[in-house]
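Peer 1: Given the sequences, and given the hints that come with them, work out the whole structure.
These protein sequences, in sequence, are chains A and B.
If you want our numbering, it's the 1-based position in the first sequence plus 73.
If you want our numbering, it's the 1-based position in the second sequence plus 32.
Calculated directly from the structure, the hints in this document are not laboratory data.
We put the CB at the ideal spot given by N, CA and C, even for glycine.
Honestly, I wouldn't trust all of these hints.
[As the list claims (entries may be wrong)] Computed list of chain A residues with no C-beta within reach of chain B, every gap over 10 angstroms: (1) Thr90; (2) Asp152; (3) Leu188; (4) Thr200; (5) Tyr215.
[Unchecked claim] One side only, chain B facing chain A, incomplete, derived with CB under 10 angstroms: (6) Asp45; (7) Leu53; (8) Val74; (9) Phe85; (10) Met89; (11) Glu168.
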Amino acid sequence: DCWFYSPNTIALISGQTGKLMYVMHNSEYPLSCFALFENGPCLIADANFDILMVKLKGFFQNAKANKIESRGTRYQYCDFLVKVGTVTMGPSARGISVEVEYCPCVIANDCWNLLMEFMQSFMGNHTPGIPSVFGAKHDSIYSPADTMVQYMELFNKIRKQQQVPVAGIR
Amino acid sequence: ASPFVLRARRSMDKSGMPWHLRYLGQPEIGDKNRHALVRNCVDIATSDNLTDFLVEMGFRMDHEFVAKGHVFRKGIMKIVVYKIFRILMPGNTESIEPLSLSYLVELNVVAPAGQDVVSDDMRNFAEQLKPLVHLEKIDPKRLM
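Peer 2: What follows is the structure, encoded as structure tokens:
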């Protein structure tokens with residue numbers, strides 16, 4: 074089965090604190106809205122949070138180059154979910170994101186090795202190390218907020234990259 | 033400029049429930065003739081790290097209290113009869129003391145925008161509670 078998904082993020086700067094806040098949505102959780110600060114808390118809220126943000130818009134300003142999203146296809150392979158998407162910032166494509174989820178397990182530590190083996194089977198050398206979002210809490214229950222933090226980090230990495238000149242694309 | 037106020041609420045007797053965040057706008061114009069106070073309202077359910085998140089956003093806590101009592105419903109009308117408790121040590125809901133010996137009775141309705149006629153239903157219901165309770169429309173500006 075394949076259908077489209079799209080985690081996307083808008084970056085805002087708080088007029089009060091100068092901090093950068095990300096408001097994110099993910100079609101995997103269509104009724105929710107995620108709001109997070111880098112190295113700070115990630116709030117999971119219902120869709121009315123977007124309405125509240127409209128009320129609060131006087132206190133925030135859009136960060137430069139602020140909207141970034143990943144859109145693509147969702148594959149289900151036995152107990153695994155693989156989502157491959159093109160990351161776009163405005164009109165330009167900036168990279169590819171691959172999200173891999175092992176559905177039966179909710180504790181990262183218990184299935185990391187299995188995930189890694191699965192990823193190596195199709196990603197080879199591109200297989201990443203254990204995500205930093207697990208940090209000290211290897212044994213705590215996984216939450217959608219952990220997924221959104223990883224997307225925020227990925228999007229930030231892509232945002233900071235120089236745009237690849239057309240001649241250099243392989 | 034008046035500060036931007038948000039209200040965060042959680043259940044003390046049911047664990048695992050989402051927190052409730054509410055924004056209440058200024059009283060609507062044309063309010064003087066209405067029987068009830070009408071304000072724009074946005075309700076949001078959130079995860080339990082709401083207070084940490086609000087502080088990170090730049091909000092600071094103005095006050096907190098515990099409310100214990102009962103909720104009654106009549107159609108879309110909600111009547112809450114509760115006692116307000118002062119929290120003696122910030123964030124510690126175990127040590128509280130009642131603000132007064134009385135209960136506060138509050139009648140409120142959340143309705144789609146423009147349905148002002150509910151204020152007539154509210155006034156009619158309030159009449160039925162007399163002389164046990166005398167409900168009156170409050171002026172939030174007087175309280176600020």
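Peer 1: Each hint should be assessed against the structure and marked as holding or not.
Peer 2: Results for each hint:
no., hint, in the structure
1, Thr90, "5 angstroms, violated"
2, Asp152, "26 angstroms, holds"
3, Leu188, "25 angstroms, holds"
4, Thr200, "31 angstroms, holds"
5, Tyr215, "14 angstroms, holds"
6, Asp45, "22 angstroms, violated"
7, Leu53, "7 angstroms, holds"
8, Val74, "5 angstroms, holds"
9, Phe85, "4 angstroms, holds"
10, Met89, "6 angstroms, holds"
11, Glu168, "29 angstroms, violated"
Hints 1, 6, 11 from the list above are not met by this structure, while the remaining hints are.
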